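K.L.:
Fit chain B to the known structure of chain A by using the hints.
Residue numbers (our numbering), protein chains in the order written: chain A, 440 to 747; chain B, 527 to 758.
One or more hints might be untrue.
[What the hints assert, rightly or not] Straight-line Cα separation of at most 25 Å, BS3-like style, residue types lysine-lysine; simulated pairs:
(1) K525/A - K658/B
(2) K612/B - K614/A
(3) K531/A - K658/B
(4) K469/A - K522/A
(5) K614/A - K699/B
(6) K522/A - K658/B
(7) K721/A - K742/B
(8) K529/B - K614/A
(9) K530/A - K612/B
(10) K743/B - K721/A
(11) K574/B - K525/A
(12) K441/A - K489/A
(13) K529/B - K658/B
(14) K743/B - K658/B
(15) K743/B - K716/A
(16) K510/A - K716/A
(17) K658/B - K574/B
(18) K489/A - K574/B
(19) K531/A - K574/B
(20) K699/B - K673/A
(21) K658/B - K612/B
In case anyone wonders, no lab produced these hints; they're calculated from the structure. As the structure is a computational prediction, the values presented were derived from the model and not from experiment.
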Amino acid sequence: MKITLDHLYYLIGFLLFVFSAYTVFDKNHKAKWGTALFWAIYGVTFMWGKEIPGYIVGGMVVVMAMIASGKRIGIGSYGETSKESKITEAKKYGNLLFIPTVVVPIITFLVATFTTLGALIGLGIGSIAGFLVALFMTKETLTCASNEGRRLLDAIGWAAILSQFLAALGFLFDKAGVGNVVAEMVSSIVPTESTLATVVAYCVGMALFTMIMGNGFAAFAVITTGIGIPLVIKLHGADPAIAGVIAMLSGYCGTLMTPMAANFNVVPAALLEMSDKNGVIKSQIVTALPLLLINIFLMYYLAFPGVK
Amino acid sequence: MIKLIGVFIVVIGLVFRFNPLLVVIVAGFATGLVSGMNFIEILDVIGKAFVTNRYMSLFILLLPVIGLLERHGLKEQAERFILNLKGATAGRIMLLYMIFRQVTGAFGMHLGGHPSFIRPIVSPMAEAAVAKGRILPQSILDEIRGMAASSDNYGNFFGQLMFIAAGGLLLIKGVMEQTGYTVDLITMALYAVPTGVVALIIAGTRYAFFDRRMSKKLDEVIKSESNGGISQ
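Okay, chain A solo, but in the shape it has when bound:
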């Protein structure tokens, strides 16, 4: 049997059902029913996402958004240990505690390199292997492991599904042709006779549209066909390989500055239990803006060999 992403999705679905069940029996949970329902619906999308018609999944997704925006999900109690006990445990295990966290990337890498399964399946298998090692090491029960997993997922809360949500929005933007409107607007205000101006338009356009879409890949095709190819490459003779890669890197500067790139910016803030969900973005803007400026100069000076 070949392991596919679907197998990992079944496992996640099962895990979410378990979290949901434990939530129902959590007497100290501040928002028991909303939270339980939220993770249960999410579990269904993993278990039967392919079988259920799209519009029904869409409806379920809307319900999840309602539960979250009505503040019906929250934090419970997970039978945590005290800080003192954790320090004692840390002294007992020492650096052995890092072993499971190292097992995950090593297995991911091995699977990605030596099999045809790919990095995503690798991450899944790595996580399972890391889990088994951690369970064996700590000699904890599955109940305890479930509660610990639930603790972290509740801490992330609704942000956990934001990335998938935004992917859906990006798809709708794409269908509506938002990118073409943006590309037209940018190219209509750019003085096309100036090489530098078209380079600025390409790089800034990539950054801005990546901020809207939350994804540099999604922005690339639109901005490159709308601005990059007609103005920078065709009109001014830039090398498509050099201009292309620097444009993509300009897009990544945009990724650093947008909540739409939830999996890079918002989910980590939630995962790290920061009080400001935009805290990661705020810390990145100061790096992203000068780097975008540098990218503009790099494209201007490197992408026109023999032209200037």
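P.N.:
Same frame as chain A, but now just chain B:
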């Protein structure tokens, strides 16, 4: 212009701090409606995209592992490890991690990530390096965590395109060849290097300044402790 209504809603929604899930739903419906789709069609698109992109949430499998280890002192061990290391500062830890991420990324390895490295290892180490055994107020913890999270993104984004079979480069190739331009993967990977180096310099400079600011903040914490209160 009307097609930009979704973008407009997202910006307004985020400025006024509505729940992002709600903002996305409203923006999605508005965009769908102005492009002539009906209610059911929009739900269908949302549902299908949601299901297709489930791979983004594979990190859920990792949570029980991290949770179990944290229960047995993973964070505390990261702190102990750092306190025994001479010369370890938060900025240096982040810089080192960023370099690790860039170099492995340049060789096409997907090592790193916020759930597997930042939460369990990098952030606790950086926090311990700043705190030196003291209790830090949430505002300072937030600042350290934001910087720690950024080191993964910098290393990831500005390392991956140096790998000749990177997904990003293949996408560029695809778009360019569709319009009749042939591009060479090696040239592209090579021209990803300057931005990578500059990103490292900018981040490194910022981490150095961050260390200086944090040591000042720690002095303030010590001062407020000796005055008998913990300031926020």
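K.L.:
It remains to establish, for every hint, whether it holds in the given structure.
P.N.:
Checked hints:
no.	hint	result
1	K525/A - K658/B	18 Å, holds
2	K612/B - K614/A	55 Å, violated
3	K531/A - K658/B	21 Å, holds
4	K469/A - K522/A	23 Å, holds
5	K614/A - K699/B	23 Å, holds
6	K522/A - K658/B	17 Å, holds
7	K721/A - K742/B	21 Å, holds
8	K529/B - K614/A	10 Å, holds
9	K530/A - K612/B	19 Å, holds
10	K743/B - K721/A	19 Å, holds
11	K574/B - K525/A	43 Å, violated
12	K441/A - K489/A	19 Å, holds
13	K529/B - K658/B	53 Å, violated
14	K743/B - K658/B	12 Å, holds
15	K743/B - K716/A	22 Å, holds
16	K510/A - K716/A	16 Å, holds
17	K658/B - K574/B	49 Å, violated
18	K489/A - K574/B	9 Å, holds
19	K531/A - K574/B	48 Å, violated
20	K699/B - K673/A	16 Å, holds
21	K658/B - K612/B	12 Å, holds
Violated hints, in rising order: 2, 11, 13, 17 and 19; the structure is consistent with all others.
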